[in-house]
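Chain A is already provided as a structure; the job is to place chains B, C and D on it using the hints.
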Amino acid sequence: MFLLYLLLLFILIGALIAVEIHNLLSSVIAVGTIGLGLCIVFLLLGAPDLAITQLVVEILVLIILIRATLASSMPDTYKGREFLAYAVTILFILFFGGFAFFAFKSLPPFGEPMLQLANRYIYEGWQKTGATNLVAGIMLDFRSLDMLGAATVLFAAIVGTLVILRKKGRKEVNERDEPGS
Amino acid sequence: MIVGIVIMEYAVNLFLVSIGYRWGGVDPIIEPNIYNLTYVSPLPQALVVCTIIIGLATTILAVAMAMRIYEKYGTFDITKIRKLKG
Amino acid sequence: MSGMSLVVKVVTRVTAAFIFIFGCYVSLTGQLELGGGFAGGIIIAVGYILYVLAYGKSEAEIETSKEGAAVVMCLGMILFLMLALLGFIGGSFFNNFLPKGQAGEIWSAGIIPLCNLSIMLEVGAGLYLVFLNFITFNVTVREEKE
Amino acid sequence: MNHWLPLFIAIPLGGAILSLPLGKLNRKLPPWLALVVSLYLLLTALLLYFIKSPEAISVYRIGGWAAPLGINLVLDGLSQMLLLVVSLIACLVTIYSMVYMERYTGKEKYFTLYQLMLVGMNGVVLTGDLFNLFVFLEIAAISTYILVAFGTEAEELEAAFRYLIIGSVASLFILFGVGLVFSVTGTLNLAEIASSFPREPGNLRTLITVLFLVGFGMKAALVPFHAWLPDAHTAAPAPVSATLSGVLIKILGIYCLIRIFYNVLGVSPQLLYVLSLLGLISILVGGGLALVQWDFKRLLAYSSISQVGYILLGIGLGTPLGIGGGIFHLVNHALFKPLMFLNAGAIETSTGTRELKAMGGLAKKMPVTFITSLFGSLSISGLPPFNGFWSKLFIIVACVQAGRFWAALIAVLGSVLTLAYFLKFLRYAFFEKLPPALEKVKEAPGMMIGVTVTLAMLCLLVGVFFPYVAAAILNPAVLVVLEGVKP
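Chains as they are written, first to last, in the working numbering: chain A, 419 to 599; chain B, 158 to 243; chain C, 341 to 486; chain D, 28 to 514.
Isolated chain A (complex conformation):
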């Protein structure tokens, strides 16, 4: 339990650094620490499936982010945000956090979730799907439409990067047969 809080603190510090640091590359690396810390948190919470997905996703994101950062050769200039923006942000966070704190009191306490549905999955799931990994059973059998959706989102994003990184967006005027610009 102590370890968990320590890790959460670590993630929080990492997030603060990532947002506030001036150098873009350091910021990206701080994002990496957040992701890896999160991976260990997942492991502690009994979700190894998530941990492995998070780990590989984080590695890939880091590769792409560093690639982008190095390519754009950004200098360290940083225009400080104004005091007013800071004040508004902090006020908003305080207000929202306080509100959420009171709201969370009426949630089921940590570690004692609503279990009627989860128990049905746990007791019936592996017999019905034949998968010993319950998470895979849920992802790809009970809730396979979600998985199809997630795969489609990724597909859309991949096509999107192809679209956005095209060399040329519009055809030249003489390539078209219509009049106009």
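Certain hints may be false.
Listed below are the simulated SDA-like cross-link pairs for lysine to any residue, each with C-alpha atoms no more than 20 Å apart in a straight line [to be verified]:
hint : chain 1 : residue 1 : chain 2 : residue 2
1    : C       : K406      : D       : L453
2    : D       : K51       : C       : L415
3    : D       : K55       : C       : I402
4    : C       : K397      : C       : A357
5    : D       : K469      : D       : L383
6    : D       : K51       : C       : E407
7    : D       : K51       : C       : E403
8    : C       : K397      : A       : R485
9    : D       : K391      : D       : Y495
10   : D       : K384      : D       : L453
11   : C       : K397      : C       : L472
12   : C       : K397      : A       : I481
13   : D       : K469      : D       : G388
14   : D       : K134      : A       : R584
15   : D       : K384      : D       : F397
16   : C       : K406      : A       : L424
17   : D       : K384      : D       : W321
18   : C       : K406      : D       : K469
19   : D       : K51       : C       : V411
20   : D       : K51       : A       : L583
21   : D       : K51       : C       : I402
22   : D       : K51       : C       : E401
23   : D       : K51       : C       : I418
24   : D       : K134      : C       : E407
25   : D       : K384      : D       : P472
To be clear, the hints were calculated from the coordinates, so they are not data collected in a lab.
Structure of chains B, C and D alone, referenced to chain A:
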């Protein structure tokens, strides 16, 4: 030149904030699954896998757009930046 | 782009094979242990990326592998959809139409391993494609600047 | 008949995936594939009305799993109506883009993304599961971000990037809300949440309400969160802005608000008050800002904000007439706003400019576009006998009936504003003197004209045959929403 970089930086900052926030947003879903008597509840995990994938998709898209914007504003005339007004 | 030093190349040759095997293992045993198509696919994509970074590729090679990756990505997606539609013909959308088998064995859980396989193809090829695009895009930007 | 429901998702998805390899083989194929797909969707959506009574609710179980374990697809009156509207607009816009998208490269990718957007919208409308709704919402949203940036010019990229940032923040709000709902009720099925979600007000309930309101409000571009919309609409290619304004913001924003608040979480009088207040602010701000625009796509974009305000005002009244008016206005807006955007695209194709100041006298040069624009403008301003008249009338009468005279007054004022900025648009674009630069302007290509004429005729027909339309399509939808208002 500087203006373009500031915009870019602003954008990337926002984008990092959104990453940072995403984990905060995901966490409450994971909360219910700790220290069950026998197993943790598998349903939230299945959901979080989907959200991680969606987050990855959004991230690569945002990086692609940011790079393209950088290319446009890094090489084009700076006075034309901020063409769009709210 | 050119490759890296000899040490990197040799080490990559050894590790890349392991990475591929591990990726396939993770995605194909998703129904038994942890892992699944997404994780496995990303691992395979990372393996390819490592290979490309270490050995380097010419422009033409990149173009051809882009084509191939796009085809494999579409193939994976179509396979996934076909599985869903086959279930649709057999009763309902995403019906688990194959025999469930003995839980705990490799060929169990009906269509889940097949789904994992198709997701692996889609994710692996797709993310590799994205990476290749990022590389080539950087090259064009630098050329424009110079 | 139940078995048709998953096909609404699977067919466009298949079309989207196949478009990429087919485009490599032959560049002509993907548009025709997209056309076939959207025609199929339109036909099945129409057929659903003949083989099934719209009041009945049909449920399809994905994978054969019963409700709390698996995901359900649910078709009721509201979703049936929206399916029809989405397929209609998608079909017409596909025909239009076959010509319009000639100016961009990567046409097959455009059609892929367009069909993915359709997948997302159909999925959002059909699904009966909270998390699945979020997933489909993301599909639609992500493909829209890309479509907005399709031209990859600086302006478009910046608009798309802003849209992406705001859209992902909104998604995170929604996801947070979904997580909270799940941890309270322990289930994700919408019907089960409706029965087990605690009805009594409390901090948690308020928090969830605020999260969903802000999240979907950002997606629907209500006024405090509208910053992305004018840029995105202006920068996107005309068919995309037509879809974006015509159906997408309504499906992602308004429909989700209705579904979640009215049918799942239940509404309170305070929430209704907030909704109608947001609607009023949107009407005024959108209308006022539209009046001062000189870029006509931007004018249309602000007009969208204002019209979405009308929809929300009607729904927020909570009376049968108000909800009827709101939903009818939703349908109407899905007809005339794409019409206006497609006309704008036609003008842009012909003249090459979007500045109102740079054009004029186009009435002689582009007579058909002029007539359809006239129809659209009159309809959107709420003049009889067009369809916009009925819905605005309903909303205003409902305001008066509910005793909110100031709301009725603002609605009338908004209507006058609408008329004013569309008169401005008509005057500067079509009358005045023809600038010398535009002497050689020709009418837009035939397919584009055909689409706009169809939409204009639909506007007129829906207005004239209003009672039949209401009986066949609107009433079942209104009944679904009214379920939630009952105490």
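Okay, the hints, checked on the actual structure:
no. : hint            : result
1   : C:K406 / D:L453 : violated, 49 Å
2   : D:K51 / C:L415  : holds, 14 Å
3   : D:K55 / C:I402  : violated, 26 Å
4   : C:K397 / C:A357 : holds, 18 Å
5   : D:K469 / D:L383 : holds, 18 Å
6   : D:K51 / C:E407  : holds, 10 Å
7   : D:K51 / C:E403  : holds, 14 Å
8   : C:K397 / A:R485 : holds, 16 Å
9   : D:K391 / D:Y495 : violated, 37 Å
10  : D:K384 / D:L453 : holds, 12 Å
11  : C:K397 / C:L472 : holds, 10 Å
12  : C:K397 / A:I481 : holds, 18 Å
13  : D:K469 / D:G388 : holds, 12 Å
14  : D:K134 / A:R584 : holds, 12 Å
15  : D:K384 / D:F397 : holds, 17 Å
16  : C:K406 / A:L424 : violated, 44 Å
17  : D:K384 / D:W321 : holds, 7 Å
18  : C:K406 / D:K469 : violated, 42 Å
19  : D:K51 / C:V411  : holds, 10 Å
20  : D:K51 / A:L583  : holds, 18 Å
21  : D:K51 / C:I402  : holds, 17 Å
22  : D:K51 / C:E401  : holds, 18 Å
23  : D:K51 / C:I418  : holds, 16 Å
24  : D:K134 / C:E407 : holds, 17 Å
25  : D:K384 / D:P472 : violated, 24 Å
When each numbered hint is compared with the structure, violations occur for hints 1, 3, 9, 16, 18, 25.
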